[in-house]
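Asks: Chain residues, written in single-letter form:
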Amino acid sequence: MINLPFGFTLLNSLALLGLLSLIVPLIIHLLNPNTEKTVLIGNIDLINKGKNVRVLNFRLTQWFLLILRLLIFIFITLILASLVKNNEIKHPLATHVFVSESWLTHSSLEEKDALFKQYSNDQVFLLTNDFPKLQQTKISRLPQSVALGIKPISIQSLIAELDDSNLFAERNIIYTTNQTSQQLKNKISSPQNNIEWKIKSLSKTIIQDSLVSIALFYSPSRELDFQYLKLGLQTLSKFTNFKLNISQHTTLNLESGSLELSENQSDWIFWLSDEPIHPKISELVSLGTHLFSDSTSKQETITNQVTSIKIAQFNNRFFHSLPKVDDDGSTPIWQNSNGKVALSSTPLGKGLHYQFNSRFHPKWNDLTASIKFPLILSEILTATKKLESVKQISSSEIEAYFQKNISEEKQVKATPVKTGHASYQSILIFIICLLWLTERLVSENLRIKS
Amino acid sequence: MQHFIDPKTLARINDLPLAAKTIAEGFLFGIQQSMQRGIGIEFSQYRAYEVGDAINRIDWKLFARSDRYYIREADRESEIDIWFLLDSSLSMKQSSESKAELKNKGSNWNKFKYAKYLIASLSYIAQKQGDGFGYLSLNDNQSSNNGNRFLPIGNAIRQWQKLLVSLAKTELGQFFPNVSLLQRQLENIKKPSIIFVISDFYQKNDEILNFLGKINTSLSEVVALQLTCEDELSFNYKGSVRFKDLETNQEKLVSAKEVKQNYLQELQTYQKNLQQQLTDKGISLQTLNIDKPLNEALFNYLRIRNRVSR
Numbered sequence: 001m002i003n004l005p006f007g008f009t010l011l012n013s014l015a016l017l018g019l020l021s022l023i024v025p026l027i028i029h030l031l032n033p034n035t036e037k038t039v040l041i042g043n044i045d046l047i048n049k050g051k052n053v054r055v056l057n058f059r060l061t062q063w064f065l066l067i068l069r070l071l072i073f074i075f076i077t078l079i080l081a082s083l084v085k086n087n088e089i090k091h092p093l094a095t096h097v098f099v100s101e102s103w104l105t106h107s108s109l110e111e112k113d114a115l116f117k118q119y120s121n122d123q124v125f126l127l128t129n130d131f132p133k134l135q136q137t138k139i140s141r142l143p144q145s146v147a148l149g150i151k152p153i154s155i156q157s158l159i160a161e162l163d164d165s166n167l168f169a170e171r172n173i174i175y176t177t178n179q180t181s182q183q184l185k186n187k188i189s190s191p192q193n194n195i196e197w198k199i200k201s202l203s204k205t206i207i208q209d210s211l212v213s214i215a216l217f218y219s220p221s222r223e224l225d226f227q228y229l230k231l232g233l234q235t236l237s238k239f240t241n242f243k244l245n246i247s248q249h250t251t252l253n254l255e256s257g258s259l260e261l262s263e264n265q266s267d268w269i270f271w272l273s274d275e276p277i278h279p280k281i282s283e284l285v286s287l288g289t290h291l292f293s294d295s296t297s298k299q300e301t302i303t304n305q306v307t308s309i310k311i312a313q314f315n316n317r318f319f320h321s322l323p324k325v326d327d328d329g330s331t332p333i334w335q336n337s338n339g340k341v342a343l344s345s346t347p348l349g350k351g352l353h354y355q356f357n358s359r360f361h362p363k364w365n366d367l368t369a370s371i372k373f374p375l376i377l378s379e380i381l382t383a384t385k386k387l388e389s390v391k392q393i394s395s396s397e398i399e400a401y402f403q404k405n406i407s408e409e410k411q412v413k414a415t416p417v418k419t420g421h422a423s424y425q426s427i428l429i430f431i432i433c434l435l436w437l438t439e440r441l442v443s444e445n446l447r448i449k450s
Numbered sequence: 001m002q003h004f005i006d007p008k009t010l011a012r013i014n015d016l017p018l019a020a021k022t023i024a025e026g027f028l029f030g031i032q033q034s035m036q037r038g039i040g041i042e043f044s045q046y047r048a049y050e051v052g053d054a055i056n057r058i059d060w061k062l063f064a065r066s067d068r069y070y071i072r073e074a075d076r077e078s079e080i081d082i083w084f085l086l087d088s089s090l091s092m093k094q095s096s097e098s099k100a101e102l103k104n105k106g107s108n109w110n111k112f113k114y115a116k117y118l119i120a121s122l123s124y125i126a127q128k129q130g131d132g133f134g135y136l137s138l139n140d141n142q143s144s145n146n147g148n149r150f151l152p153i154g155n156a157i158r159q160w161q162k163l164l165v166s167l168a169k170t171e172l173g174q175f176f177p178n179v180s181l182l183q184r185q186l187e188n189i190k191k192p193s194i195i196f197v198i199s200d201f202y203q204k205n206d207e208i209l210n211f212l213g214k215i216n217t218s219l220s221e222v223v224a225l226q227l228t229c230e231d232e233l234s235f236n237y238k239g240s241v242r243f244k245d246l247e248t249n250q251e252k253l254v255s256a257k258e259v260k261q262n263y264l265q266e267l268q269t270y271q272k273n274l275q276q277q278l279t280d281k282g283i284s285l286q287t288l289n290i291d292k293p294l295n296e297a298l299f300n301y302l303r304i305r306n307r308v309s310r
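First to last, the sequence lines map onto chains A and B. When we follow my numbering, the leftmost residue of the first sequence carries the number 1, and every step to the right adds one. When we follow my numbering, the leftmost residue of the second sequence carries the number 1, and every step to the right adds one.
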């Protein structure tokens, strides 16, 4: 397979050997008996009295014929070589619009209306930081019947997709805020010359809210888990605009009473210990802090092990169902391939308790070995981060908003994105027929003239 | 007459005497009496006495030596001189190069070569007839082989051999010469003569016609032998052809098909004018195609000779 400019591809490169056939018209041209020859004559006056001929025309016609014949062979070779145009890179629509949850949160109703009207004929993707809602969705094109299944695209998924250039259109517009733009920009390694950034500036007070305080508690036996988690968080802080204030404590400190915890000290508490959660911690959670704890029993090791956790399958475009609240009040967030819950959240007072049925340990799963480990952590942190000055809208609200704005007329059936190759065989055959006819006409005309 | 050997075939032998003899003897076979011999100065041969021969023709000295009667014979001296004037300007190099003639290209057959064979054959017949003959090459080249381009009148086989040498050494010059250059040689034409002028009769300023006017006197009969070739007559060219004049090197690139008709008309007009001009001077014109056998030329020679000698 040979890639040509302008997205053309030759599937059968061996057929290029057919270009050797170009020798045939060249030989015909060189050995043409009608080509100019010199004749010695006794009295040129007899010729001179004859009328002058348009010899230049004659020569030009010979060259024209040669070019026609060469083109015929070239096009035949292109047919044999299966010339196609690769459609995978470009979507049929020229513009893709990505709207971040952050932008929607901080925009007025008028701005949202204007945006929707402006791009009513384009594909609009919703970027969400909500962790479980992963899959890309062409919101404006979904039929009503599947409205409930809308799953906006996550930032992380977008990053992966943009890296693969699968989501790129000829023109891409990303609506976001300065709160998340840097994080996005840093992560898009593809050329960005066809991406327009519409960044809404937020006031400093809002951005400062993205400062997240994290307290890591670990027992000495879980030193390794702690190190992995800490490294992941530090990496996240270093390469994104997340400002993480990480403090680390051993559970021993807590038990000995040497550590004082206050209500506003931490947004997040990570509990990495085989011991039950300390009452002081539970107390803080009930006041609004989020708690993340992992599996305490070795028994769950087997079921939660390895890549079955769906977060690791983003690249494969894994469709994820919307979370449903279980009877016990917990909301499943991650599932493994067996359908067992890997991560769930349970309201605990004002806060949330995230129960991870595995551990950040290589022996338990390959999350820590994944290059996306820091991003996975970021999804957890941003999904529940509190922005006190602005009311944060939920994904379900956004979906409802879009659904409301899609009138029945505007709905079109979801058209599958064309993939594969567009064949140019019929066009090439048509061109060859034209060339051949022209060649015959010119050739016959020349023969009659000479 | 179809048994005549094509001169182009003979030309491959590349032996002028052999080819000329073959042509001439083949032509003479059965239609011409043998050479006239009788009383004369130039000894030819002895033959045995036969009843009826005059006794005074017996060579008595030979009788004394051999005790047999022999008659001494001499070549009969002719009253007619034959002159061969060969136009050896560069235009005589023209040959047929069209597709039909390609097979003979290797023989390098052209008007000049044909003319040499023609002169050699005619002179052989002349020698057989006992006629005196001379040769003059007509070109403007003064520097080389000046001695070979003029052969004074002579007869017998030795003269023929001299003529062959002259022919072999004759080379093409550039143009037809000025008459003044030939003054000295032309003074030799005194006796009644048949003058063969062999040329393509392509001239720039009527120089050939002027020359013919000069040599066409009451004593001589001038025969113009015009050489043409198949390509020249039928214009068998195709496609775009660059024509180059042999003498002037002037070139012209044309489409053969488009100029053909006009060319043939021009050629016809040219021939008609030439014929008219020569007739006005009392000169007969015979056109010879170099791609055909020599028979026509040889017949013409005998016809004219018989008429003149009567």
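Derived by calculation from the structure, the hints in this document are not laboratory data. Note that CB positions come from ideal geometry on N, CA and C, so glycine has one too. Certain hints may be false.
[As the list claims (entries may be wrong)] What follows is a list of derived Cβ distance ranges for each label pair:
hint: 1; chain 1: A; residue 1: 445; chain 2: B; residue 2: 180; range: 52 to 62 Å
hint: 2; chain 1: B; residue 1: 270; chain 2: A; residue 2: 80; range: 35 to 45 Å
hint: 3; chain 1: A; residue 1: 445; chain 2: B; residue 2: 236; range: 19 to 29 Å
hint: 4; chain 1: A; residue 1: 442; chain 2: B; residue 2: 248; range: 30 to 40 Å
hint: 5; chain 1: A; residue 1: 442; chain 2: B; residue 2: 242; range: 14 to 24 Å
[Unchecked claim] Derived lysine-lysine pairs resembling BS3-like cross-links, with alpha carbons at most 30 Å apart:
hint: 6; chain 1: B; residue 1: 257; chain 2: A; residue 2: 37
hint: 7; chain 1: B; residue 1: 113; chain 2: B; residue 2: 169
hint: 8; chain 1: B; residue 1: 113; chain 2: A; residue 2: 37
hint: 9; chain 1: B; residue 1: 244; chain 2: A; residue 2: 37
hint: 10; chain 1: B; residue 1: 244; chain 2: B; residue 2: 272
hint: 11; chain 1: B; residue 1: 128; chain 2: B; residue 2: 252
hint: 12; chain 1: B; residue 1: 292; chain 2: A; residue 2: 37
hint: 13; chain 1: B; residue 1: 162; chain 2: B; residue 2: 113
hint: 14; chain 1: A; residue 1: 230; chain 2: A; residue 2: 280
hint: 15; chain 1: B; residue 1: 204; chain 2: B; residue 2: 238
hint: 16; chain 1: A; residue 1: 230; chain 2: A; residue 2: 350
hint: 17; chain 1: B; residue 1: 113; chain 2: B; residue 2: 93
hint: 18; chain 1: B; residue 1: 252; chain 2: A; residue 2: 37
hint: 19; chain 1: B; residue 1: 190; chain 2: B; residue 2: 252
hint: 20; chain 1: A; residue 1: 37; chain 2: B; residue 2: 238
hint: 21; chain 1: B; residue 1: 128; chain 2: B; residue 2: 113
hint: 22; chain 1: A; residue 1: 37; chain 2: B; residue 2: 93
hint: 23; chain 1: B; residue 1: 260; chain 2: A; residue 2: 37
hint: 24; chain 1: B; residue 1: 260; chain 2: B; residue 2: 214
hint: 25; chain 1: A; residue 1: 37; chain 2: B; residue 2: 204
Asks: Tell me, which hint numbers fail for this structure?
Replies: 2, 11, 19, 24
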